[in-house]
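Turn these sequences into a full structure, and let the hints guide you.
Protein chains: 2
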Amino acid sequence: MSDWQVINGGVTAPKGYQATGITAGLKPSGAEDLALILSDVTAIAAGVFTTNQVRAACVDYCRQRLEDQPSARAILCNAGQANAATGDLGWQDAMESATELGKALNISPEFILLASTGVIGKRIKMDALKAAIPQLVSTVSAEGGEAAAKAIITTDLVTKSIALETLMSDRPVRIGGIAKGSGMIHPNMATMLSFVTCDAAVSPQLWQEMLTRAVNRSFNQITVDGDTSTNDTVIALANGQSRASAITNMGAEAEKLEAMLTEVCISLAKAIARDGEGATCLIEVQVTGTSDEVSANKIAKTIAGSSLVKSAIFGRDPNWGRIAAAAGRAGVMFEQEDLQIRLGNFLLMDNGQPLDFDQAATREYLKQRAVGEYLKDDTVLITIKVGDRIGNGKAWGCDLSYDYVKINAEYTT
Amino acid sequence: MSDWQVINGGVTAPKGYQATGITAGLKPSGAEDLALILSDVTAIAAGVFTTNQVRAACVDYCRQRLEDQPSARAILCNAGQANAATGDLGWQDAMESATELGKALNISPEFILLASTGVIGKRIKMDALKAAIPQLVSTVSAEGGEAAAKAIITTDLVTKSIALETLMSDRPVRIGGIAKGSGMIHPNMATMLSFVTCDAAVSPQLWQEMLTRAVNRSFNQITVDGDTSTNDTVIALANGQSRASAITNMGAEAEKLEAMLTEVCISLAKAIARDGEGATCLIEVQVTGTSDEVSANKIAKTIAGSSLVKSAIFGRDPNWGRIAAAAGRAGVMFEQEDLQIRLGNFLLMDNGQPLDFDQAATREYLKQRAVGEYLKDDTVLITIKVGDRIGNGKAWGCDLSYDYVKINAEYTT
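Residue numbers (my numbering), protein chains in the order written: chain L, 1 to 413; chain S, 1 to 413.
To be clear, the hints were calculated from the coordinates, so they are not data collected in a lab. Owing to the predicted nature of the structure, the values given are computational and were not obtained by experimental measurement. Every residue gets a Cβ at the ideal spot worked out from N, C-alpha and C, and that includes glycine. Among the hints, a few may not be true.
Unchecked claim - When the alpha-carbon atoms are kept at most 25 Å apart in a straight line, the in silico DSS-like pairs for lysine-lysine are as follows:
1) L:Lys298 with L:Lys270
2) S:Lys298 with S:Lys270
3) S:Lys125 with L:Lys298
4) L:Lys367 with S:Lys406
5) S:Lys406 with S:Lys270
6) S:Lys406 with L:Lys406
7) S:Lys385 with S:Lys270
8) L:Lys406 with S:Lys367
As the list claims (entries may be wrong) - Covered, in the sense of this in silico footprint (three residues per stretch, anywhere, with C-beta under 8 Å from a C-beta of chain L), are these stretches of chain S:
9) 311-324
10) 393-405
To be verified - The following residues of chain S were derived to be distant from chain L, with all beta-carbon distances above 10 Å:
11) Asp3
12) Arg55
13) Pro70
14) Asp378
Next up, the structure:
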């Protein structure tokens, strides 16, 4: 299934897509803050949105659009103002953004999807946005993937971009994606955004189902601090420009496409976790032996999200008791006699009993994991077995450091 | 309903109870580590236990005992070793503890309940425990409430004890309680324990129902770091020694008793939250306007447990956006147009719209809240309204400080 290769280009790697990112003056910093992704032809569009009851105008807008018709030509994303909790005026701003961009691109505004990230309660600076549209439209290009990746981030330390290619009916089929994480140095900037482009032809319902499953296995399995944003959005376009045969039902080809889509989403999700505020390492939790994937994912995410586990990993402390306690409170039934815990290759607990493991070597394993350090792997691997059934799942998180608290406490409104 | 007064004595304030706390040598520190609460006569006993799948032997032991017969004479609690994840040997240790204490007290071991707190994976030091039983039995007294409160704590900064008195059928009826919090300076010491004594006469089923509701409104509504322990235990005894008329079904008398029981549990729960690791203030969240209490409690607990909200309060930052986002992700449906948020008396958001509030004064309100500082209130009050329905609920937590991370990262195994 994984016969794909990594290629350059992000969201503009697949055929028939252009993108750009420019400075519109929405962010006080003067950094890039307005991104456009454009498909040459109308693409099938699928979306997954925040489940938060407090939602941004763009989320309600996209949901309504995709209910009317699961297709789109463009995605417009602004950074700086979240346009959440902004009431009727926020809704009007969203409508106007689509209308103005539609005019400039000469396409119907119904084919434009929207996303926002930034400060909750702040409306988009519409004058700046409207004034920037001509530049946005004139700079959009097939090489603009990285520029778009840069313009959607807020407090992220790095851009997040990936593209994969495989062969289907002897033609190269590509999926590209960009994302921004839940950096929250500024107030209320808790948004996770991801935009995925694909040049396969696929039926709308199938594409939505694939995206929903891929998001459940990736973005929904990362946790930086457990907070879900008002603006979280994943949009995936499929425009058929690869000219590979259309995929209209499940089967080998569909599974291949879904596996690649899932890989793109997992890669971006891990990049977000790795860029978590104050993170010094990525934590990957693998769970096996449950009755189904949902249960395994629940246990994995509970461990990856436990403040006690995260603090212990920051302290490079092989504290298996905290891992066991987190596994046990995930809301999934298992026999504690079946619990097995590994940290890297070190077996810490087996049959529910603590083992006499090599503490110094286990500590050293943890110390050798660090984000951004040359010659060090950045991933701490926690492996859990809770039984002998076929369910398995994964989740990702980062450790909890002094810097997380510092970043989130020291902002002054 | 709240015609009670606070009295001294903790668990030995109600009639017919004795208690003690001694140093048995279970804690390496040499601090008190073994507590006994004894009722002069057989008491009705109710219990609420951890829902964690990884449980201590004492939890399984108490559940089995209370299923067999909802009554007890004594509670034995050791601090130092959690006796969780200790397998068959841990179970044998639990049985032996009860047997040995039963012999010394000349009561059947079935009437002894057990609790443990300490390091997960460590068996109780049985030789030390058995050697200490004569001293335990000889020191038990009607003045021993505070000694017991002291012997059950581990990393708690302060003991937690309360007693209330009211009049029922013209006789004083009393409820006392002690608790320990989820201090986790040492590894895996995530235990919440509480023991409640009462001298009312009440039917076993009614007493269990009252305790379950009281725990749902108190201990289940506090959150220090979201981790649920392997050993969490609340046991409540009612021995009838007040000689007030027996309560056998719901009605005015039962409601009065339950209100007082709930108040005892809330008081102890708040004391635990206030003593959360690194806490600089207590956070109380009040939610109104939901369809029922469960929904309101869910929203309240999600806000009190949000790392972003907790970090903002530590930074004394009136960050309403984080509160709104946490309310929205609690899993309770409401219209964002109905959302109202207050911090103290300051209205920050109304009808889902951010308001232009006095930031300096709101900051000052937050700065004037501090645990343990003379002349300062220690409670930050967050009030949320999500509609006009009758459901309301409360939750408590503490802020997230540098010290939380420090305490939980720097332990070395």
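Each hint, compared with the structure:
1. L:Lys298 with L:Lys270: Given that 25 Å is the threshold and the Cα spacing comes to 17 Å, the pair holds.
2. S:Lys298 with S:Lys270: Since the Cα atoms of Lys298 of chain S and Lys270 of chain S sit roughly 17 Å apart, the hinted pair holds (cutoff 25 Å).
3. S:Lys125 with L:Lys298: Violated, at roughly 36 Å.
4. L:Lys367 with S:Lys406: 17 Å, holds
5. S:Lys406 with S:Lys270: Roughly 23 Å between the alpha carbons, so the hint for Lys406 of chain S and Lys270 of chain S holds.
6. S:Lys406 with L:Lys406: 12 Å, holds
7. S:Lys385 with S:Lys270: 22 Å, holds
8. L:Lys406 with S:Lys367: Measuring from Cα to Cα gives roughly 17 Å; hence the hint holds.
9. 311-324: Our answer is that it holds, as 11 residues pass the Cβ test (under 8 Å) against chain L, meeting three.
10. 393-405: holds (count 5)
11. Asp3: Given that every Cβ of chain L is farther than 10 Å from that of Asp3 of chain S, nearest at about 39 Å, it holds.
12. Arg55: 7 Å, violated
13. Pro70: 25 Å, holds
14. Asp378: 18 Å, holds
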